[in-house]
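**Q** As a plain string of letters, each chain reads:
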Amino acid sequence: MRHTPTEKPLKNLDWPINRLERIEKEPTTRKILKESIKILILSSIISSIGGISIEAARVKLFALLPFLIMLPALNDMIGDFGTIVASKFTVLLYQKRIKRHEWWKGAAVHHLFMTVSSVALIASLFMATLAYAIAWIRGFAFEPILFAKLVGISLFATLFLVLIIFAVSIIGGLYVHKKGHDPDNYLIPLATGIADFGSMLVLGIVLRWLF
Amino acid sequence: MNWEDFKEMLVAELVSMTGGIAAGTILAFYTDKLALIPGLFILMPGFLAMRGSISASLAARISAALHLHKKSAERERSYFGKQNVHASFLLAIVTSFILGIVAYAGTRLIFNVDSPAILLISVIAAFISNVLMIPITFATTVWLFKKGYDPDNIMGPYITTIGDVVSILSLLTAIYII
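Protein sequences, first through last, are from chains A and B.
Its first residue numbered 21, the first sequence is counted upward by one per residue in our numbering.
Its first residue numbered -10, the second sequence is counted upward by one per residue in our numbering.
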């Protein structure tokens, strides 16, 4: 029976059975550990360094319940935007829909920026409102000024970091693509690292300044 | 603006954020316990990021294997599956230990507070979250595949949402144990 190259089973290669068994039983655990451990530790440490800023404002964070409730969601959301921007920009680069020297004139970049910014705006409003509503249910007093500050901080942190992620993705993506590497491999860890670190840093600083 | 992209991103984001807010709500219920552990806010962002990365990678590897027929949905306890589970378990324990050291060092050097408990909390919480998250990730990926869905399209937001809640619960349980 003939097989196409992709269908050809390993057992037709005339290799000894023990070699075939070794391939089937390749040390997956060791391989996964070897390939993942460095980037996992690095990205987790970067996120934790951002947490130093929050640790410095922990007393204020405990007193301002809506901010504490919002903390994990804010961290997640900006990280998600990092992944979205980096992966979509990489696709645009591969599709040659971005001109290297005049990238700011490309309609695709404008659309991506508008789409992500609009989602960021709505999502951060939703997050701040939901966080305050839950805090209110828990017995936290409703103060319009505090609510306005929460919404303002959420919007500022999100839009500011989306802008930074865009800048890094464009500059880094064009550079990495020019060097012949796959931008996804660099931009996604970089963008999520900036997002995790930046969201905690901005929230910590703003909490210390405004309250 | 691309409306299709807008709708997909917004729905995924709102789902993911609801999980984040649920995790934050759990935190808000236990502020008295959190206040007792210096360095917890240094540990937490890294711990959440670690849990998300490990679970998402595990789901992606299982999904790829299922798509490539390396492993049939009926043989989820195969050698490949076990190796992936072992690797994810070890990754979480090793990384959480290092995160514990970072949190301890940060608290000691920057805030001048000695909090060795944070090291144990990190490792115990990683162990607890492993026990919960690895079977959830594995079973959900295989179940989605069996039902004819592409796990790659669903597991990302799902894992972020569940992962945040499980991580916060694990950290709180570890604080109780300590």
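Calculated from the structure, these hints are not laboratory results.
Keep in mind that the hints are not guaranteed to be accurate.
Said to hold, decoys possible - List time: in silico PhoX-like cross-link candidates among lysine-lysine, alpha-carbon distance up to 20 angstroms:
#1 54/A x 71/B
#2 71/B x 80/A
#3 119/A x 198/A
#4 71/B x 51/A
**Q** For every hint, state whether the structure bears it out.
**A** Status of the hints after comparison with the structure:
1. 54/A x 71/B: holds (17 angstroms)
2. 71/B x 80/A: violated (45 angstroms)
3. 119/A x 198/A: Distance of about 12 angstroms is within 20 angstroms: holds.
4. 71/B x 51/A: holds (14 angstroms)
Against the hints set out earlier in the document, a violation occurs for number 2 only.
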